[in-house]
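Using the sequences plus the hints, can you model the full thing?
Chains A and B supply the protein sequences, listed in that same order. In terms of my numbering, the first sequence is residues 1 to 163. In terms of my numbering, the second sequence is residues 1 to 163.
Mixed in with the good hints there might be a few duds.
To be verified - Using C-beta positions, here's what the derived DEER-type ranges look like: (1) A:147 <-> B:105: 48 to 56 Å; (2) B:98 <-> A:120: 41 to 49 Å; (3) B:99 <-> A:147: 50 to 58 Å; (4) B:81 <-> A:81: 32 to 40 Å; (5) A:118 <-> B:40: 18 to 26 Å; (6) A:99 <-> B:40: 28 to 36 Å; (7) B:44 <-> A:128: 16 to 24 Å; (8) B:154 <-> A:98: 44 to 52 Å; (9) A:54 <-> B:51: 25 to 33 Å; (10) A:99 <-> B:101: 36 to 44 Å; (11) B:121 <-> A:96: 41 to 49 Å; (12) B:92 <-> A:67: 24 to 32 Å; (13) A:160 <-> B:133: 18 to 26 Å; (14) B:154 <-> A:105: 43 to 51 Å.
No lab work stands behind these hints, which were simulated from the structure alone. We put the beta carbon where it would ideally sit given N, CA and C, even for glycine.
Protein chains: 2
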Amino acid sequence: MRGMNGSGEQLERKTKPGSGPGQAGPEGDLPRQAWTLLFELMHTHMRNFPALAAELDLSPVQAHVLRQLGEGPLAMSTLAAYLSCDASNVTGLVDRMEARGLVVRRSSEQDRRVKMLVLTEDGAALRERLLERIFEPPDAICGLPEEDLCALRDIMRRALGAQ
Amino acid sequence: MRGMNGSGEQLERKTKPGSGPGQAGPEGDLPRQAWTLLFELMHTHMRNFPALAAELDLSPVQAHVLRQLGEGPLAMSTLAAYLSCDASNVTGLVDRMEARGLVVRRSSEQDRRVKMLVLTEDGAALRERLLERIFEPPDAICGLPEEDLCALRDIMRRALGAQ
DNA sequence: TATTGTTATACTCTATAACTATA
DNA sequence: TATAGTTATAGAGTATAACAATA
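Right, dumping it as structure tokens:
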């Protein structure tokens, strides 16, 4: 198929030649090369996400909410921040998930304006099934030799650690 | 697609012994480790995508369409397949983008049922700006040492090549 | 006054089903 | 008959603005 913008046609950016963290060499911008390939892999894989969520009767956004909701009670405003969306949006989102019995609202005792979200037993069980599927590595990853996988893991740890 | 299979049966991953491409070792499933980290990096980065698109007055989906639309005319049905969505959806999507002057519909001469999408000049210009932003590597990547970036690029090439 | 969550409104995205025009 | 695209409809996701309760 296509949809490939690999081979970096219009991406040959020899822009900043000199200093700084963006190394530009004879092959072009190295961070951008690596990132473009990584993005391509991820984007291809992510096309399946709506279908994956649908298998659990979740919308894509509900699946993201379920993923975020594992680590104890979460204020609705915090969830809105995680989702990078407006608070008014979270109201309807939680309405639907609460109606389905996945989460419950609980008023905070410290600040009675705040409502904390807690997973129900059903919600926690569904979340486990979801995570199992989300973190299933795609064939492109599984097919890599062990040394590549080790290197990839270590590089990603360094990248995330430096955040 | 809602019945679901094993109803609660989890996939006991790390008990898969020995052979096959999925190596299970004392540290657990190596592909899954690498993938989970990669997923986390990508997910964090992708939270900014709606805002990035909004800066160009695009919805997230319109941005994806623009990205796919660079390489010559594309049938609407093909676009629907790329987006993994229903054809009826593409009609409205293209309506709005056409109204804004980013694309035009052109009837195919081979098969007059088919309509091909072509970027306008404005559409192509906006696409260039979009791609420049999309493939801007995040700090977590830019901060990696050069050898990590080379290794990452090469590993991703192998992963994508083996698709 | 400022903040948390809700409501009202409007628009976009999405799927299903029925329709048309081609093939 | 089958396929490509449209229309109609319905529901979900999203932002803005106005609001109530609380701080």
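(message) Hints numbered earlier in the text: which of these fail when held up against the supplied structure?
(response) Every hint satisfied by this model.
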